[in-house]
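2 protein chains.
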Amino acid sequence: MSAPRRYAIIGTGAIGGYYGARLQQSGCEVHYLLRSDYDPVRQQGLRVDSTAGDFMLPRVNAYSNPADIPPVDVVIIALKTTQNDRLTELLPPLQPETIVLTLQNGLGIESDIARQLPGRTILGGLCFICSNKIGPGHIRHLDYGQVLLGAYDASGQPVGITEIMSAIAQDFSQAQIPIDLTADLFMARWRKLVWNVPYNGLSVVLDATTDELMADSGTRALVETLMAEVVAAANAWGEQRSPGQNRTLPPSLIAEMLTTTDQMQPYRTSMKLDYDEGRPLEVEVILGNPVSAALQMGVAVPQMQMLYQQVRFLDSLTHGRGSIAP
Amino acid sequence: MSAPRRYAIIGTGAIGGYYGARLQQSGCEVHYLLRSDYDPVRQQGLRVDSTAGDFMLPRVNAYSNPADIPPVDVVIIALKTTQNDRLTELLPPLQPETIVLTLQNGLGIESDIARQLPGRTILGGLCFICSNKIGPGHIRHLDYGQVLLGAYDASGQPVGITEIMSAIAQDFSQAQIPIDLTADLFMARWRKLVWNVPYNGLSVVLDATTDELMADSGTRALVETLMAEVVAAANAWGEQRSPGQNRTLPPSLIAEMLTTTDQMQPYRTSMKLDYDEGRPLEVEVILGNPVSAALQMGVAVPQMQMLYQQVRFLDSLTHGRGSIAP
Numbered sequence: 001m002s003a004p005r006r007y008a009i010i011g012t013g014a015i016g017g018y019y020g021a022r023l024q025q026s027g028c029e030v031h032y033l034l035r036s037d038y039d040p041v042r043q044q045g046l047r048v049d050s051t052a053g054d055f056m057l058p059r060v061n062a063y064s065n066p067a068d069i070p071p072v073d074v075v076i077i078a079l080k081t082t083q084n085d086r087l088t089e090l091l092p093p094l095q096p097e098t099i100v101l102t103l104q105n106g107l108g109i110e111s112d113i114a115r116q117l118p119g120r121t122i123l124g125g126l127c128f129i130c131s132n133k134i135g136p137g138h139i140r141h142l143d144y145g146q147v148l149l150g151a152y153d154a155s156g157q158p159v160g161i162t163e164i165m166s167a168i169a170q171d172f173s174q175a176q177i178p179i180d181l182t183a184d185l186f187m188a189r190w191r192k193l194v195w196n197v198p199y200n201g202l203s204v205v206l207d208a209t210t211d212e213l214m215a216d217s218g219t220r221a222l223v224e225t226l227m228a229e230v231v232a233a234a235n236a237w238g239e240q241r242s243p244g245q246n247r248t249l250p251p252s253l254i255a256e257m258l259t260t261t262d263q264m265q266p267y268r269t270s271m272k273l274d275y276d277e278g279r280p281l282e283v284e285v286i287l288g289n290p291v292s293a294a295l296q297m298g299v300a301v302p303q304m305q306m307l308y309q310q311v312r313f314l315d316s317l318t319h320g321r322g323s324i325a326p
Numbered sequence: 001m002s003a004p005r006r007y008a009i010i011g012t013g014a015i016g017g018y019y020g021a022r023l024q025q026s027g028c029e030v031h032y033l034l035r036s037d038y039d040p041v042r043q044q045g046l047r048v049d050s051t052a053g054d055f056m057l058p059r060v061n062a063y064s065n066p067a068d069i070p071p072v073d074v075v076i077i078a079l080k081t082t083q084n085d086r087l088t089e090l091l092p093p094l095q096p097e098t099i100v101l102t103l104q105n106g107l108g109i110e111s112d113i114a115r116q117l118p119g120r121t122i123l124g125g126l127c128f129i130c131s132n133k134i135g136p137g138h139i140r141h142l143d144y145g146q147v148l149l150g151a152y153d154a155s156g157q158p159v160g161i162t163e164i165m166s167a168i169a170q171d172f173s174q175a176q177i178p179i180d181l182t183a184d185l186f187m188a189r190w191r192k193l194v195w196n197v198p199y200n201g202l203s204v205v206l207d208a209t210t211d212e213l214m215a216d217s218g219t220r221a222l223v224e225t226l227m228a229e230v231v232a233a234a235n236a237w238g239e240q241r242s243p244g245q246n247r248t249l250p251p252s253l254i255a256e257m258l259t260t261t262d263q264m265q266p267y268r269t270s271m272k273l274d275y276d277e278g279r280p281l282e283v284e285v286i287l288g289n290p291v292s293a294a295l296q297m298g299v300a301v302p303q304m305q306m307l308y309q310q311v312r313f314l315d316s317l318t319h320g321r322g323s324i325a326p
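Just so you know, the sequences run in chain order S and Z. FYI, in the UniProt record's numbering the residues of the first sequence are 1 to 326. FYI, in the UniProt record's numbering the residues of the second sequence are 1 to 326.
Next comes chain S alone, as it looks inside the complex (with noise of 0.2 angstroms):
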């Protein structure tokens, strides 16, 4: 992989095609997977509008049938969670090296695809970006825009920091996408967990933004116990992984999240811009999956647990409405 890095985007919306441009614009070389969006972006390309700098791509390499895309390094899945159960057919044809990196938010994400693609190498992506896709190929991209980068372990060890992590960030890098790497993705994913468990299930159950949720005094502190049962299921889980190790998450972040919160401009939640858009919610892999593995491990999570269960519904219910008399 010594030539410039090929790149697949399977799922060019709010993020795959924003980061996938970035790689373009470099000078990657980049494939896109595309579904309704195939025709218009196939003849119009892509464009950008970035607080980092507006730019169009007039000519991408766009595909409706993954079978058509040629060997690539590198696998960016972009999807919506709610797709992964179809994820093998919606891969390029895969070379030994392909390296498969998901970009998709929540726990649990790359032990799905392992299941889906035995011994292939998986990194994971933790997006920190505000974007959209606000018309065929034409991504809004509003703010942030960092990636947090690790390697999948199936014994859930941490990695460290591997040759092909440094390689991408390097391309990501030129590419103008702010990127870390961390050591221990597992430990990340649970990180983010701690600030998403609350305010994506609560804006969508509250029906609210995230400066509603913390400027009242009650819903600011059922956002601090739950985070606080997050932080404990992260903790017991890194534990039971590495005994002994300390592997846990600071015991400063919640204060600290929440100072950050409250100094964010009022955010709709992905979660709750999914759910007033009528799209299927991430709710498995932001709610089911840490509050299952909490359960297995014993550590009692009885708020996340509600959550879970109001967003399931919710979620259900707004998927199965059609065929409900009003």
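Calculated directly from the structure, the hints in this document are not laboratory data. Built from N, CA and C at the ideal position, the CB exists for glycine as well. Incorrect hints may appear among the rest.
As the list claims (entries may be wrong) - Label-pair distances were calculated between CB atoms; the ranges are:
1) Z:L258 / S:Q265: 42 to 48 angstroms
2) Z:S155 / S:T318: 45 to 51 angstroms
3) Z:G119 / S:E224: 41 to 47 angstroms
4) Z:Q146 / S:E256: 51 to 57 angstroms
5) S:S217 / Z:A183: 37 to 43 angstroms
6) S:T259 / Z:A154: 44 to 50 angstroms
Claimed, not checked - Just so you have them, the derived chain Z footprint on chain S, three or more residues with Cβ under 8 angstroms:
7) 214 to 225
8) 307 to 316
On the provided structure of chain S, position chain Z as indicated by the hints.
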């Protein structure tokens, strides 16, 4: 009180209007306090459409000012509890022997009234009724109608069956209102909360009817764990007030309530009706006071607590939204 008892109805809505009209129909002297419906009711009386028989009362004793109400034996409070902080302004002049009977829902109702009316005999009636006010002075009684009557004691002890309870029960029975007497009003209130906490709370938060909550295995399990929290709080409450007396709710209660609810018609709870109509919710007496009681006793009720914060948030947002830009 050997002459026919005289009643004042404070709050002539779905509950007060129905029971008041039944008492008057059977020959009791009844005086009604009204607010927005004062003029039409003074002119046209009350109309009841009831599964137990329709009837009209063309002439009723209507008042817009409580001070104008003549002396009565029993003052029935049928206001929403959200008005209880201004209760003393709404009461008629009380004789030394006047009984106060509250037909309100929730926990801590009688003690709140007792604080405002020290030394007064206070009874509580739990109403199991489906009724609506569908127009000025026009009540629609849809189903049920039982009252469970008990007496308040400041120290939280069971009072037994008192003479005045029996006398009122006779009036109610004659008025075709099915009535039962309970020796232990407090545990009866806790028992009713075992149903009200999960169904009222979740129906608002999840925009759901009882059958929808029961049809989904996840929310059904959530109903059950919420019920178990209420039962734990109730039993701790009984044990604290009456140590060693086995003052507990029956172990079969939760299973019975689930079965009963399965057999009910699809039902929008009273709190959901209030929420849909934009009225203030009885969030403190149904959820807040039971949570406070549990926490004071050191009983963990994490899901009740979460439900309380969620409903309180939705209630405050509804009633604050007028001043927030959309």
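- Task: Could you work out which earlier hints the structure fails to respect and list their numbers in ascending sequence?
- Result: Nothing - there is no hint that the structure violates, so all of them hold.
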